[in-house]
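Those protein sequences? They're chains X and V, same order as listed.
Heads up: the first sequence begins at 149 in the numbering used here, then just goes up one per residue.
Heads up: the second sequence begins at 149 in the numbering used here, then just goes up one per residue.
Hint data in this document are derived by calculation from the structure and do not stem from the laboratory.
Hints are not guaranteed to be accurate.
Remember, identical chains collapse to one label, so a pair may be satisfied in a single copy or spanning two.
[Unchecked claim] Here are the computed lysine to aspartate or glutamate pairs in the DMTMM-like style, where the Cα-Cα straight-line distance is at most 25 Å:
hint, residue 1, residue 2
1, LYS339, ASP375
2, LYS412, ASP429
3, LYS339, GLU360
4, LYS438, ASP177
5, LYS465, ASP375
6, LYS403, ASP442
7, LYS464, ASP442
8, LYS438, ASP375
9, LYS403, GLU447
10, LYS167, ASP177
11, LYS400, GLU321
12, LYS210, GLU484
13, LYS438, GLU451
14, LYS464, ASP375
15, LYS400, ASP442
16, LYS403, GLU469
17, LYS400, ASP461
18, LYS400, ASP429
19, LYS167, GLU321
20, LYS400, GLU447
Please read all numbers here as calculations on a predicted model, not as lab measurements.
Number of protein chains: 2
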Amino acid sequence: MDNQTIVVSADALRDSGKKALAAAHVREDIIDPVINGLIWTSLRGIDSHGIRLLPHYIAGVKGGRINPDPNMSFVRSSPAVGMVDADHTFGHASGMKAMGHAIELARESGMGAVGVQNSSHCGAMSWFAHAAAQQGMIGLAFTHATPRVKSPGSNRAFFGNNPVCLVAPMHDEEPFCFDAATTSITFNAVKAAAAAGKTLPPGLVADAQGIETTDPHRAEQLLPIGDYKGFGLSMMVDILCALLTGMPEGNKVSKMFGESMSKKRLLGHFFCAINIASFTDLNRFAARLKQMADNVRAEPALEPSRPVMVPGDPEKKAWAERMEKGVPVPGIVWHEITR
Amino acid sequence: MDNQTIVVSADALRDSGKKALAAAHVREDIIDPVINGLIWTSLRGIDSHGIRLLPHYIAGVKGGRINPDPNMSFVRSSPAVGMVDADHTFGHASGMKAMGHAIELARESGMGAVGVQNSSHCGAMSWFAHAAAQQGMIGLAFTHATPRVKSPGSNRAFFGNNPVCLVAPMHDEEPFCFDAATTSITFNAVKAAAAAGKTLPPGLVADAQGIETTDPHRAEQLLPIGDYKGFGLSMMVDILCALLTGMPEGNKVSKMFGESMSKKRLLGHFFCAINIASFTDLNRFAARLKQMADNVRAEPALEPSRPVMVPGDPEKKAWAERMEKGVPVPGIVWHEITR
Chain X
149 MDNQTIVVSA DALRDSGKKA LAAAHVREDI IDPVINGLIW TSLRGIDSHG
199 IRLLPHYIAG VKGGRINPDP NMSFVRSSPA VGMVDADHTF GHASGMKAMG
249 HAIELARESG MGAVGVQNSS HCGAMSWFAH AAAQQGMIGL AFTHATPRVK
299 SPGSNRAFFG NNPVCLVAPM HDEEPFCFDA ATTSITFNAV KAAAAAGKTL
349 PPGLVADAQG IETTDPHRAE QLLPIGDYKG FGLSMMVDIL CALLTGMPEG
399 NKVSKMFGES MSKKRLLGHF FCAINIASFT DLNRFAARLK QMADNVRAEP
449 ALEPSRPVMV PGDPEKKAWA ERMEKGVPVP GIVWHEITR
Chain V
149 MDNQTIVVSA DALRDSGKKA LAAAHVREDI IDPVINGLIW TSLRGIDSHG
199 IRLLPHYIAG VKGGRINPDP NMSFVRSSPA VGMVDADHTF GHASGMKAMG
249 HAIELARESG MGAVGVQNSS HCGAMSWFAH AAAQQGMIGL AFTHATPRVK
299 SPGSNRAFFG NNPVCLVAPM HDEEPFCFDA ATTSITFNAV KAAAAAGKTL
349 PPGLVADAQG IETTDPHRAE QLLPIGDYKG FGLSMMVDIL CALLTGMPEG
399 NKVSKMFGES MSKKRLLGHF FCAINIASFT DLNRFAARLK QMADNVRAEP
449 ALEPSRPVMV PGDPEKKAWA ERMEKGVPVP GIVWHEITR
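This is chain X alone, in the form it adopts within the complex (with noise of 0.2 Å):
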């Protein structure tokens, strides 16, 4: 049973997780964030960031890496910067919050960026940047993560796969969302092919000595979209979370498994706000969205049957069959969850 897979509503996954985290001795502003953010995740169809985590927040609760009971701060140091001080609470609590107080600096100065230190794992970053998006504000999130992506010309990784994401309102529809970490496939995925015993396309991975290879169960090493590009975003990514927040950066970013579960992880985040009414109409701006989204839809296919997308479509469709059927949640996360 543990193997199979089973179909849970959100509104039981949502129970279930609460009392999970609560009998973890999780406080109850802190459970809030984390759940809505891994249940909404779990409901776009983004399962490696989504519910099945929870045991391994738990697991983190229980060791001593992410802190239940936290004394969170904030410190706006000019009109429109600030940073938030997560004392190694869940990213999903810091984040958040780091996130509302960017809107509101966004709100009085037009843009508003504010960094968090001290932070453990934050899940999605789309999640983060939909608050702005849901206060008629362009939102943007950045994390650096585990070092995993290959460098050019090197055998072996330095940065994370560091997601870059913006979220903006459209009309008439749920917000404009790109989020992309910065290699063509997710070590979360790496590892589900190598379950389901299948074979990886080329040009997605390398093993531990940096050689190309097409079997998981080799796969140590992420390629970078664009070769040095990707890399580059990587950089760009660690500049804006590690240097701005005193985090440590690069290959210094604490692993995500295999560490002992009382270590802190130490994760910097970066969150931005623009309001767009500090720059044009904002009806405006989300009706020109909602048209250009639904001009690129109507671009010509390849194949008739698959209209091109707009980055986020898949997850949108994701979340209308699921808020109707329920979130796929493997059975033994299911069952750590409830037992």
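Using the hints, position chain V against chain X.
Frame of chain X, contents of chain V only:
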């Protein structure tokens, strides 16, 4: 002789370029940023965006596309946000004005973002972002461009290979510079391969029907890095450059070549400055970035004779060489500038 490449010192290029712009009745305060930007870019080895563009620009002035005597304006709408109206002059002039305002806003507010509307081609984004780094800030610069990027799942292009650029100060070295379009090859490099009779590596370009090709003569579309990821980056940049500024977007962005030189380009750009001191100690930031870059360079190289590089390293090498030996310029370009 016009087919040969001649090597010209930066000073000689500057003198002749200034005279050529003055002869086209370009105002002196506009001449300076144009010529400084072009020569700076050529010295860094980015020939596609360097001095070779000058004859094209002068044709634009003569045809009416580019305004040589503009009435530029800046409106600050919020403490951290403003907009420059370029009045159809050179993007080098309007962009540097905008970045100057972004730096001023960031000094006061911690961060500044300035859009540019009614602009024309602006050359390399890194030139503007360096201006922020020289003031102890992180500079970000974006522009949209002629549609050339094949949309995933479609057989034609919708967006340009809209670049993402971040520059940040480093201790004891010129700033870190990441400046990358969203395709693995630029159309200028495709044209150069065609002229040299070379075949392109697979996976870079497509023909007018959207079919992948290695023949540079047939190339019409550029493939995005990481498929939908590069495509999404292009859309993200267009949201900032077209939708925030009120300029035409996507496949409505004007063509640089092959259209009447009397047609205004109506381009938009987006510039951002982040005051590092609002986040952390500037000296510590610059020292850590230098150490990070040196750590990347010290990573084990696949080929010992080719050390691992960070973005911007090839340009620093070109700069040292060209400051000493001069800038290689196609004979026909030099002839047009000096005639």
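Against the structure, the hints:
1. Taking the shortest Cα distances, LYS339 and ASP375 sit within 25 Å of each other both inside one copy (22 Å) and across copies (22 Å).
2. For the homomeric pair LYS412 and ASP429, the shortest alpha-carbon distance between copies (24 Å) is at most 25 Å, but the shortest distance inside one copy (44 Å) is not.
3. In this homomeric assembly, LYS339 and GLU360 come within 25 Å of each other (Cα to Cα) only inside a single copy, at 16 Å, whereas the closest approach across copies is 31 Å.
4. In the homo-oligomer, the alpha carbons of LYS438 and ASP177 never lie at most 25 Å apart, since the shortest distance is 35 Å inside one protomer and 40 Å across protomers.
5. Taking identical chains as interchangeable, the C-alpha atoms of LYS465 and ASP375 lie at most 25 Å apart only when they sit on different chains, with a minimum of 20 Å there against 31 Å within one chain.
6. For the identical chains of this complex, LYS403 and ASP442 are inter-copy neighbours only, at 22 Å across copies versus 41 Å inside a copy, given an alpha-carbon limit of 25 Å.
7. In the homo-oligomer, the alpha carbons of LYS464 and ASP442 lie at most 25 Å apart inside one protomer (14 Å), although the nearest pairing across protomers, at 43 Å, exceeds that limit.
8. In the homo-oligomer, the alpha carbons of LYS438 and ASP375 lie at most 25 Å apart only across protomers (22 Å), although the nearest pairing inside one protomer, at 32 Å, exceeds that limit.
9. Taking CA atoms no more than 25 Å apart as the test, LYS403 paired with GLU447 passes between copies only; the shortest distance there is 19 Å, against 42 Å inside one copy.
10. For a Cα distance limit of 25 Å, the shortest separation of LYS167 from ASP177 inside one copy, 14 Å, qualifies, whereas the shortest one across copies, 67 Å, does not.
11. Only between protomers do LYS400 and GLU321 lie at most 25 Å apart by alpha-carbon distance; the minimum there is 23 Å, versus 41 Å within a single protomer.
12. For the identical chains of this complex, LYS210 and GLU484 are intra-copy neighbours only, at 14 Å inside a copy versus 72 Å across copies, given an alpha-carbon limit of 25 Å.
13. Taking the closest pair of Cα atoms, LYS438 and GLU451 come within 25 Å of each other only inside a single copy of the chain (23 Å); across copies the shortest separation is 48 Å, beyond that limit.
14. Taking CA atoms no more than 25 Å apart as the test, LYS464 paired with ASP375 passes between copies only; the shortest distance there is 20 Å, against 30 Å inside one copy.
15. Within a single copy, LYS400 and ASP442 get their C-alpha atoms only as close as 43 Å, which misses the 25 Å cut-off; across copies the closest is 14 Å, which meets it.
16. Taking the shortest alpha-carbon separations for LYS403 and GLU469, neither the intra-copy value of 34 Å nor the inter-copy value of 41 Å comes in at or below 25 Å.
17. Taking the shortest alpha-carbon separations for LYS400 and ASP461, only the inter-copy value of 22 Å comes in at or below 25 Å, while the best intra-copy value is 35 Å.
18. For a Cα distance limit of 25 Å, the shortest separation of LYS400 from ASP429 across copies, 20 Å, qualifies, whereas the shortest one inside one copy, 44 Å, does not.
19. In the homo-oligomer, the alpha carbons of LYS167 and GLU321 never lie at most 25 Å apart, since the shortest distance is 33 Å inside one protomer and 53 Å across protomers.
20. Only between protomers do LYS400 and GLU447 lie at most 25 Å apart by alpha-carbon distance; the minimum there is 13 Å, versus 44 Å within a single protomer.
Checked against the numbered hints listed earlier, the structure breaks hints 4, 16, 19; every other hint is satisfied.
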